[in-house]
Amino acid sequence: MSEPVSALMGRVAAGAVTVRDEGLAGMITLRGDLATAKLRTACKHATGLALPAPGKITGNAAKGLAWMSPDELLVLVPHAGAGAVADQMAQTLAGTHHLAANVSDARALISVAGPHAREVLAKVSPVDMHPGSFAAGDFRRSRIGQVAGAFWIDADEVIRVICFRSQADYVFTLLAKSAEDGAVGFLG
Amino acid sequence: MLTLTCPYCGVAADETELQAGGEAHLKRFGPGASDDEFEGYLFVRENPKGVHFERWRHAYGCGKWFLAARCTVTLEVFGTYPAQSKEPPAHIRKAITAKRPGWTWREFA
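Heads up: the protein sequence lines correspond to chains A and B, in order.
So that you can map any letter, position 183 of the first sequence is 183 in our numbering, and since no number is skipped, the others follow by simple counting.
For our numbering, count along the second sequence from 1 and bump the result up by 1000.
Do not rely on the hints blindly, as some may be mistaken.
Unchecked claim - Using 30 Å as the maximum straight-line C-alpha spacing, the simulated DSSO-like pairs for lysine-lysine come out as follows:
{"id": "1", "chain 1": "A", "residue 1": "K56", "chain 2": "B", "residue 2": "K1027"}
{"id": "2", "chain 1": "A", "residue 1": "K123", "chain 2": "B", "residue 2": "K1049"}
{"id": "3", "chain 1": "B", "residue 1": "K1064", "chain 2": "A", "residue 2": "K38"}
{"id": "4", "chain 1": "B", "residue 1": "K1027", "chain 2": "A", "residue 2": "K63"}
{"id": "5", "chain 1": "B", "residue 1": "K1027", "chain 2": "B", "residue 2": "K1049"}
{"id": "6", "chain 1": "B", "residue 1": "K1064", "chain 2": "A", "residue 2": "K44"}
{"id": "7", "chain 1": "A", "residue 1": "K44", "chain 2": "A", "residue 2": "K63"}
As the list claims (entries may be wrong) - Covered by chain A, per the in silico footprint, the following chain B stretches (three or more residues, Cβ under 8 Å):
{"id": "8", "region": "1025-1037"}
{"id": "9", "region": "1080-1089"}
Rather than coming from a laboratory, the hints here were simulated on the basis of the structure.
Every residue gets a Cβ at the ideal spot worked out from N, C-alpha and C, and that includes glycine.
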């Protein structure tokens, strides 16, 4: 069988702010009634984490749960086991109205790290990136340049961006250019 | 620039994150309706200078449809509420009345 590869093949744009392809990441789209115990159990089995509050993420890129909409979560798991995890979730949720789909190979994960990482994002998306408005644990689906994307920021100020695989080159190039153009100095 | 707060995810979404969906609270007429009713449903729209009710979709965010009450002259937003509302909720009407006493829009006031 062919080896899975990430869309960006490990590309790195180094500089004051480094934009880096985070490689293969397992992602499962989980839709259903987030208030049900069955769904909470399925998430707990998959990641060991509690459900995130609206607009939040719990965990990290390797094991995480991100709030996508009132009836949708993004489950972050290691790439190799994503298919099995999705199958197990579907089993746990059998009998209830739900969707657990392994979308790992339809997505790309990019990290933006450096002193003005917030400004790199602020230049290309309408999200208020001020630390007072967007802090560690916040998760936001929005627009990145001309395409859809989602991102969150860790306690160490590293921003992780999720986008569609087919748009990975555009998003990476856009972020790299935004980083290369330097700080604006507004968000420090 | 228009900023609407999505009632589902609570995000203050920029206009560029949203998709406009036309007028809100349309009464649908289908088979069995008169020609006039059907014409009204398909083609006749409000075009107010002032208070207006619209459908919007948080297209780049949670993907949900919601309704917004705003002023077409000042772009002031009076409030947003879930798309399942059959009429503007009381708190939205109150907020509009506070700013635009005597407003009317279709059968609402």
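Within 30 Å, alpha carbon to alpha carbon, are B:K1064 and A:K38?
holds, 24 Å
Proposed proximity, A:K63 with B:K1027 (alpha carbon, max 30 Å)
Distance ~47 Å between B:K1027 and A:K63 Cα, so the pair is violated.
Taking 8 Å as the Cβ threshold, is the statement that the region 1025-1037 of chain B is covered by chain A upheld or broken by the three-residue rule?
This one is violated; 0 residues, fewer than the three required, reach chain A with a Cβ under 8 Å.
Does A:K56 pair with B:K1027 here, judged by a C-alpha cut-off of 30 Å?
Given that 30 Å is the threshold and the Cα spacing comes to 37 Å, the pair is violated.
Taking 8 Å as the C-beta cutoff, is the stated coverage of the region 1080-1089 of chain B by chain A satisfied by three or more residues?
With 0 residues closer than 8 Å to chain A, the region 1080-1089 of chain B misses the three-residue bar; violated.
Taking 30 Å as the top limit, are the C-alpha atoms of B:K1064 and A:K44 close enough?
Holds, at about 26 Å.
Is it true that the CA of B:K1027 sits at most 30 Å from the CA of B:K1049?
holds, 22 Å
Straight-line alpha-carbon gap A:K123 to B:K1049, limit 30 Å
violated, 34 Å
Hey, A:K44 versus A:K63, does the alpha-carbon distance stay inside 30 Å?
holds, 11 Å
Of the hints listed earlier, those the structure fails to meet are numbers 1, 2, 4, 8 and 9, in rising order.
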